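K.L.:
Protein chains in written order, with our numbering: chain A, 19 to 157; chain B, 12 to 127.
No lab work stands behind these hints: they were computed from the structure.
Careful, some of the hints might be misleading.
[To be verified] Just a few of them, taken from the derived set where beta-carbon distance is under 10 Å, the chain B residues facing chain A:
no., residue
1, Ile16
2, Gly30
3, Ala67
Just so you know, these numbers come straight off a predicted model, no measurement behind them.
Note that the Cβ used here is the ideal one computed from N, Cα and C, for glycine as well.
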Amino acid sequence: MDWKKFFIAFVATFGFIFVFGFIWYGKLMRGAYMEVPALWRPEADFGSHFSWLVFGHIVMSFFFTLLIAKFVPAGGPQKCALLGLFVALVYVGAHLITFAVQPITSTILWGWNVGALVQFAVAGAIIGAIYKSSTPAAR
Amino acid sequence: MKRFIVAFLAAFIFMIFWGWFYNGTLLKDAFAEAQSLFRPHEEIMALFHWIIIGQAGLALSFVMIYASGFAGGSRQVFGLESCWKFWGSARAAGFTRRSHSRQSFSCWLLSAASSK
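Chain A extracted, bound-state conformation (with noise of 0.2 Å):
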């Protein structure tokens, strides 16, 4: 495994889930987990538990670039972009079981469904850009 461009695509993958995650269920779904405020934290709550969100953002970074320098050793944007959507769609399936046991609206599990979808899709194309393995088929 090529570490330097290992740690250069996680932190690249950090940066960009971080700040799509700022955008998309900060500000663009802040309205619709308004419709359901009982089931979050409250504002100062939710400050004092922001080392969590940091903290499992790095690992879903950490393990998704392993994932793809591991098994997509060759890199390259789209193949990694789709092994993104494979990887979005177990979120899928998660979110809607949570639509089933929790009382969130359909506007929020759709939200979060195409959220991942872009989330890990990006995520994958920006590692597979990144990583290239000098020995691609090297085991």
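We have chain A; now place chain B onto it with these hints.
P.N.:
Relative to chain A, chain B alone:
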């Protein structure tokens, strides 16, 4: 394709049982402590089909990732590779957007299955 379907069904059944055992039984008391965050039981039952669809989606996605990237003990993404080539050739051939995506998916399933 046969192995793909068998793997999907096995993963789906495992996820249903594991979800029922872990989330529905072992974590039941923990969920009850935050009852206000969840739908009432009757409402969950009315939306139960979404749980099944969600579990099926999870299982399908996992099997797709496995079949395209891990199958046959190889780290070459044969499924993705083949599908991407097909995607390019389909575009070059001027397929319509609709038939294009349908055939690409079928191609992916076939290439994923054949990679085994």
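K.L.:
Next, verify each hint and record whether it holds.
P.N.:
So, going through the hints one by one against the coordinates:
1. Ile16: violated, 17 Å
2. Gly30: holds, 8 Å
3. Ala67: Interface hint status for Ala67(B): holds (7 Å vs cutoff 10 Å).
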